[in-house]
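Novice: I would like the entire structure built from these sequences, with the hints used as guidance.
As they're listed, the protein sequences go chains Y and G. Heads up: the first sequence is residues 1 to 159, going by my numbering. Heads up: the second sequence is residues 1 to 198, going by my numbering.
Calculated from the structure, these hints are not laboratory results. Hints may be right or wrong, so weigh each one.
According to the in silico footprint, chain Y covers these stretches of chain G (three or more CB under 8 angstroms from chain Y) [stated by the list, open to error]:
| id | segment |
| --- | --- |
| 1 | 70–77 |
| 2 | 147–155 |
| 3 | 169–181 |
Built from N, CA and C at the ideal position, the CB exists for glycine as well.
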Amino acid sequence: MLKQISALAAFGLAFLSSSLAFADDVKIGNLTISAPYVRAMVPGAPVGGGYMTITNTGGTDDRLVAASSPRATTVQIHEMKMDKEVMIMRELAGGLPIPAGQTVELKPGGYHVMFMKVAEPFVQGQTVRATLKFEKAGSIDVDFPVGSIAANKETSHVK
Amino acid sequence: MSNRRRFVATAVALTLVAGAGAIGYATFLMVPEVQATGGLGTAFTLTDDRGAPITEKALSGHPSLVYFGYTHCPDVCPTTLYDMAGWFKTLGPQADGLKAYFFTVDPERDTPEIMHSYTGNFTDRITGITGDPTEMQKAIKGWRIYAKKVPSPDGGYTMDHTASVLLVDAGGNLRGTIAYQENNDVALQKIRNLLQQD
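Specialist: Here it is in structure tokens:
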């Protein structure tokens, strides 16, 4: 079953990846950060969501504890989830755990880094640099290409 | 990926989509009976995204899509407005009589100017609505929307809120809802059903 899930995830990822040109994987210590992207921001909206996949190939748990970017006054690590019909969004005060040997996906509808008080909206085609700070692996700069306003939606229907 | 795995992956994906569609459709069929008698909606006097007064009368005489969200919302709100724009595009002239309203659950920050530039980025078919917070509370409660301000450690706040799109008929009655990230074909069928009722 696990194989089927991973196959499904890979299938989904391959399908979704086709819409955005992703940068090469970024490695720091035992962590690999792949497919980072942010969504283009709607004029009038001062916040933008950033997404990526983080894999911990090591034997020790790690944790994404902070993020910052020259493009935003603050960057927070958020969890979004649905409680029946209600959208709930929370800052993960203790950061986002990246358990040993596991892959954590930051994606629309789930975990994301939230760029707040962004002075110049992200425009599709740009690249937004952010520094991610991990509890064990340390800090690293990651370039997030800017996709469309609804980049990598699971339900792609507007061609 | 081997062919067998690809087959399994595709089958799983298709099953999930079909299942979600079936559940969504079943939900739609049930909703009108449950909620049509509920007397949803209420009188309100608010401001549209061009700064003009708008009242509950804007919701009668034609079918409407009604959504409550806010602009400091990185995910569900832009996705939903993007979806709405897509529905208008797909339905074309079929949706000429359909209107769409984006009520902000954060009227303190969302001025008419902000609402105008926000909605205008998706389509000119969506009217943004903001105004006096007390009046907005009436609309929020009247449509049984959940909206809660949640302070964040930096002194700001986020809003938890109902993420479904309400399908409102020409009489101003709730006919059903479209869930966040509902299957697109199911969503379109729900809107077509709404249009046929009027």
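Novice: Take the hints in turn and mark each one as holding or not.
Specialist: We went through each hint and held it up to the structure:
1. 70–77: holds (count 6)
2. 147–155: It holds: at least three residues are needed, and the segment 147–155 of chain G offers 4 whose Cβ sits within less than 8 angstroms of chain Y.
3. 169–181: holds (count 4)
Of the numbered hints listed earlier, not one is contradicted by the structure.
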